[in-house]
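Visitor: Chain residues, written in single-letter form:
Number of protein chains: 2
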Amino acid sequence: MKISLDCIPCFIRQALDAARLVTPDEEMHRALLRDVLKWSSEIDLNQPPIILAQRIHRHIRKITGIEDPYFTAKSRFNDLAMNMIPELSDKISNSSDPLMLAVRLAIAGNVIDMGVNSTITENDIRLSVNRSLTECFQANEQEFRNAVSQAGSILYLADNAGEIVFDRLLIEQLPVDKVTLAVRGAPILNDATRTDALTAGLDKMVRIIDNGSDAPGTLLNDCSEEFLRHYHDADMIIAKGQGNYESLSDDEAREIFFLFKVKCPVISDHIGYPLGNYILARSHESQTVLKAS
Amino acid sequence: MKISLDCIPCFIRQALDAARLVTPDEEMHRALLRDVLKWSSEIDLNQPPIILAQRIHRHIRKITGIEDPYFTAKSRFNDLAMNMIPELSDKISNSSDPLMLAVRLAIAGNVIDMGVNSTITENDIRLSVNRSLTECFQANEQEFRNAVSQAGSILYLADNAGEIVFDRLLIEQLPVDKVTLAVRGAPILNDATRTDALTAGLDKMVRIIDNGSDAPGTLLNDCSEEFLRHYHDADMIIAKGQGNYESLSDDEAREIFFLFKVKCPVISDHIGYPLGNYILARSHESQTVLKAS
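Heads up: the protein sequence lines correspond to chains A and X, in order.
Numbering follows my numbering, in which position 3 of the first sequence is assigned residue number 3; successive positions increment by one, without gaps.
Numbering follows my numbering, in which position 133 of the second sequence is assigned residue number 133; successive positions increment by one, without gaps.
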């Protein structure tokens, strides 16, 4: 997926939000904004949108000298989500369709996205969970069930901190001995890194790798060789979040199941479903094959 | 009022909206966006925000070769508003407070602002009129009534096409023989020019001048000498819309009554009232003097 002109004003706003979240220094806000405006005026639009986010957040880390500006926020989201685990686990256990409920809850957790909304609250997360059963769900359920049951190995690409705790609920419904979980290779926004996977207790359940990159998605040419081996060898790939969709939806080499909530008009146009919809979509698949359930 | 960092992403979005409205040529959209990003990265922030809008729309007119890209939209808004005049005139005639009802309707017309919302519809305008009596109104009514009754001359600075028809309803409640109406000196966005004043029939009622400028507000150093004479000599100045507020609220030389709807968070912060509020505020006046009514 390529940068749309609509991404540009959105990234400019995101850069300003992020700068303000990370430092109260207004001179730094001005300097960052000027730099981002200049890069944006020169950017090659034939790249995935997250290229610009990667560059913005590298620059914020550089000019502030803060290696992981979202560390506190990520910890808070992990704690919030961990507190919800017992209740949600019970719901899944008592469900007539534990796998699909776990999918819905994993997508509900996708609301924890500080790129889209820098001021997300505990209330937003609870609301998202409460609504997860009634949200419009565009899903190719049967293909997903078949792939899960047939796969000898599953690579699960995580998205954000906090959200990764909700991913655990879904991973528990998969054949865990076949699952490898991949997180980002370095701090970027509130995306999940190895620290967050450990906080969610996922190291006791599955193998954890990182992708070697600090992009808020999966830019294959920026990923480590180890990650690429897993990426090309896995029987099934599950990719969470818009960032992974933006960066992998055009990859002809791999079939991927994307799980996310549509939170951006450009992605809504690209995938052909309205804002707010829950998506479980297989790549290389015509939209008409997807059925609303 | 100076450019806030928050104005920048908003102007980038406005530039893109405007380019798309004016031409379907995507190469032009890209070229315009790149230029606006470059200027924005270099802009002196100690200027009123409308400087950037003036520059964007000059550039759109230049690269498209269209002198008045909003001509059709302006005509449509004038026609819509003219059709509402008989009904609204009746309401004013039957009101116990015709002046304040006319003020509210003039502010209701301020919703016709294609800088803030490029896709405004007839329904939006009707909704705005219907809600005008119940919107939260921050007004220094008595000061305004006193100034109107004491002024030997009143300069009324118009804002947008369509809206200028609603201004006519208010002007009819003023001592019309003392009123001079000023419009923009050249096409800019959907702002009212002399053509729109004539369409609204205002030439039969008051003297009409233009300000000699193509800014979407009143940049005094860009206005004609004739306009400046009126500006400095009038006993009372009434200025419609956010653009006039942005450009004149810091002018120490003149007391001005500003009439507008708060449609932008930066202006909301500056004036100290929430988004959506109707404002009738005298400049140089502490907010605490304004009373909610």
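Accuracy of the hints is not assured; some may be wrong.
Unchecked claim - Only some residues are given here: those of chain X computed to face chain A with a beta carbon under 7 angstroms:
1. 16
2. 37
3. 38
4. 91
5. 95
Source of the hints: derived by calculation from the structure; they are not laboratory data.
Built from N, CA and C at the ideal position, the CB exists for glycine as well.
Visitor: Indicate, hint by hint, whether the structure satisfies it.
Guide: Hint by hint, here is what the structure shows:
Hint on residue 16(X) holds. Least Cβ distance to chain A is approximately 6 angstroms, under the 7 angstroms limit. Among the interface hints, the one on residue 37(X) holds; its C-beta lies about 4 angstroms from the nearest C-beta in chain A, closer than the 7 angstroms criterion. Evaluation of the residue 38(X) hint against chain A yields a held restraint, the C-beta minimum of about 4 angstroms falling below 7 angstroms. Given the 7 angstroms rule on beta carbons, the hint for residue 91(X) is violated: about 39 angstroms separates it from the nearest Cβ of chain A.
Taking 7 angstroms as the C-beta contact cut-off toward chain A, the hint placing residue 95(X) at the interface is violated, the least distance being around 42 angstroms.
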